[in-house]
Amino acid sequence: MRRVALVGAGLSRFGVRAAGFRELLAEAGRACFASVPHLTPKDIEGLVVGAVLPERAAFQSHIAPLAAETLGIQPSKLSARTEHMCASGTAGIRYAYAFIAAGLADIVMVLGVEKLNLPNMGEAVLNMGTGVDRDWEACFGLTAPPSFALAAQLHMAEYGTTEEQLAHVAVKNHTHSSKNPYAHFQNGVTLDAVVCSRMIASPLRLFMCSPITDGAAAVILASEERAKEITDKPVFIRGTGQAVHGFSVSSLDPDYASWPAMKQAAGAAYTMAGIAANDVDFAEVHDCFAIAEIIAYEELGFCPKGEGGPFVMEGRSDYDGDVVVNPRGGLMGCGHPLGATGVAQAVEAFWQLRGEAGERQVPEAHIGLTHNNSGMGEHVVMIYGRE
Amino acid sequence: MSEYFRAVDPFPLQGSQNTRLAPFYEALRSQKLLTTFCPQCALRHWPPRVVCPDCLSDRLDWIELPDQGTIHAYTIQDTGVPPGFPRPLIFAVVRVEELRIFTRLVETEPGQVERGRTVRLLPSAVGQDPEGDERYVPTFTLARGGAGETSLVKIVTA
Chain A
1 MRRVALVGAG
11 LSRFGVRAAG
21 FRELLAEAGR
31 ACFASVPHLT
41 PKDIEGLVVG
51 AVLPERAAFQ
61 SHIAPLAAET
71 LGIQPSKLSA
81 RTEHMCASGT
91 AGIRYAYAFI
101 AAGLADIVMV
111 LGVEKLNLPN
121 MGEAVLNMGT
131 GVDRDWEACF
141 GLTAPPSFAL
151 AAQLHMAEYG
161 TTEEQLAHVA
171 VKNHTHSSKN
181 PYAHFQNGVT
191 LDAVVCSRMI
201 ASPLRLFMCS
211 PITDGAAAVI
221 LASEERAKEI
231 TDKPVFIRGT
241 GQAVHGFSVS
251 SLDPDYASWP
261 AMKQAAGAAY
271 TMAGIAANDV
281 DFAEVHDCFA
291 IAEIIAYEEL
301 GFCPKGEGGP
311 FVMEGRSDYD
321 GDVVVNPRGG
331 LMGCGHPLGA
341 TGVAQAVEAF
351 WQLRGEAGER
361 QVPEAHIGLT
371 HNNSGMGEHV
381 VMIYGRE
Chain B
1001 MSEYFRAVDP
1011 FPLQGSQNTR
1021 LAPFYEALRS
1031 QKLLTTFCPQ
1041 CALRHWPPRV
1051 VCPDCLSDRL
1061 DWIELPDQGT
1071 IHAYTIQDTG
1081 VPPGFPRPLI
1091 FAVVRVEELR
1101 IFTRLVETEP
1111 GQVERGRTVR
1121 LLPSAVGQDP
1131 EGDERYVPTF
1141 TLARGGAGET
1151 SLVKIVTA
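One line per chain: the protein sequences are A and B, in this order. Letter 189 of the first sequence, counting from 1, is numbered 189 in our numbering, and no numbers are missing. Heads up, our numbering is the position in the second sequence plus 1000, with the first residue counted as 1.
If you're looking for bench data, these hints aren't it; they were derived computationally from the structure. By construction, the Cβ of each residue, glycine as well, lies at the ideal position given by its N, Cα and C atoms. Treat the hints loosely; a few may be bogus.
Unchecked claim - Looking from chain A toward chain B, a few residues come up when the C-beta cut is under 10 Å (computed):
no., residue
1, M85
2, P119
3, T130
4, L154
5, L191
6, V195
7, V244
8, S248
9, V249
10, S251
11, Y256
12, K263
13, G267
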């Protein structure tokens, strides 16, 4: 297999945007091309677009050709959309990676885009229910927050994880996103404000949840040979892993506080990269809810099982700790435009590993990990490196 | 502009013209909880399946489950409830023998919900299908007087 690198990256602003689906993807696509002066849309051989809800939120399917036409791309080797709920963006990066590694294309763009906010926010909330099992879960009114609240309840019961520890995840990530001009939330938040914010699904309060956000993100991947011609600072994909253990809440491991699929995906990625968890300098993990980040510390191997709560309280997942988790502010601080999230994580890895992350720069960043999930039993992990 | 005749909603179509799981819904209307059983694997499923995930056989039997179980985990959602659903929503994972059933508790005081408490099936009507037949989903409620493990322990230690 050929080695593959990121050569360009760009974002739209994330937030409640007065912009349509096409405008958001155009904004991220333009920003991405601006980061690679030697490439034009005509050089792009493949385009993969991660998008979850355009049929419901924009009355639009047929997404990849729409994006290609918008950006003046005429794919000659690969054109596809990926839909894997919240992990759609990283699923797209894996497709592009495999295509290039196999020699079927040299240069592929991956876009992630979502327009979630609608004039009727009830409709926006209802749409999120399409990501769970309609026949056996959404029919009860289930959306994401109560699913992850079940994990939080069991993690608290089993390991003594506290509300304060959950709140610390939110404070850390909002502090990080206050240094990110693309983030949905840039004002930071205090511990008091988090624990006093309104209850969404017990024990998860408002600031322990990622918001409903519009946004888009784009990266360009290239074969090693082309990457070195395009830029003197390529960011290499060192490893990747994915595991899916179940779809519905009823089918998962009975202990929702343990996510073995995540451990499996991370293990595969570490093995491929030839590294261990303690080699990771920063990680963009899927903090859709505070409990998810705490469980991620454990399943990614940053700390032993059950010790994720103390890990964040002791500052070990922050700057000057063991590993900087969510330097861009994560899903909680940046927002979670579903299809865009995994791609936005890759954008942050690109900036961090090139030393271009500004105020958020992680010192001496050589290895970065991104983790994207779509429910508690479905995980995908990428490992990026300067070499 | 003419009126949009019908939007797709979050509830499955339950009649035999739409699904092979119609017997499940038919039983649910008379307060019975069925699921599928694969005789080849001697395996009970939840949720009911159209093929056995272990052997892929589509020759499955319908069997009746007990209409009571205990709360394995729960959460109460106050905010962000989708339109058309009551507030708050009480979600629970209920253990029915070896199975875990994700459900919602109805006609239940949120303050009375505890892990280990006994719940019983209480199906909820959710709206008619295009043929005008009422549709039901398998919701549960706290069993009156039927103390679960946690409550029993509490009584003993009180």
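Each hint, compared with the structure:
At its closest, the beta carbon of M85 of chain A sits 16 Å from a beta carbon of chain B; the interface hint therefore is violated under the 10 Å criterion. Taking 10 Å as the C-beta contact cut-off toward chain B, the hint placing P119 of chain A at the interface is violated, the least distance being around 14 Å. The interface hint given for T130 of chain A holds, since its Cβ lies 8 Å from the closest Cβ of chain B, which is under the 10 Å cut-off. The interface hint given for L154 of chain A holds, since its Cβ lies 5 Å from the closest Cβ of chain B, which is under the 10 Å cut-off.
Against a cut-off of 10 Å between C-beta atoms, the interface hint on L191 of chain A is violated, since the closest Cβ of chain B lies about 20 Å away. The closest approach between the C-beta of V195 of chain A and any C-beta of chain B is roughly 16 Å, which is over the 10 Å cut-off, so the hint fails. The interface hint given for V244 of chain A is violated, since its Cβ lies 13 Å from the closest Cβ of chain B, which is over the 10 Å cut-off. Interface restraint check for S248 of chain A: the shortest CB-CB distance to chain B comes to about 7 Å, inside 10 Å, so the restraint holds.
Taking 10 Å as the C-beta contact cut-off toward chain B, the hint placing V249 of chain A at the interface holds, the least distance being around 4 Å. At a threshold of 10 Å, the smallest CB-CB gap from S251 of chain A to chain B is about 8 Å, leaving the interface hint in force. Taking 10 Å as the C-beta cut-off, the interface hint given for Y256 of chain A holds, the closest approach to chain B being about 7 Å. Annotation: K263 of chain A was flagged as interfacial toward chain B, and the flag is violated, the nearest CB pair being 21 Å apart, outside 10 Å.
About 24 Å separates the beta-carbon of G267 of chain A from the nearest beta-carbon of chain B, more than 10 Å, and the hint is not met.
The earlier numbered hints that this structure contradicts are 1, 2, 5, 6, 7, 12 and 13.
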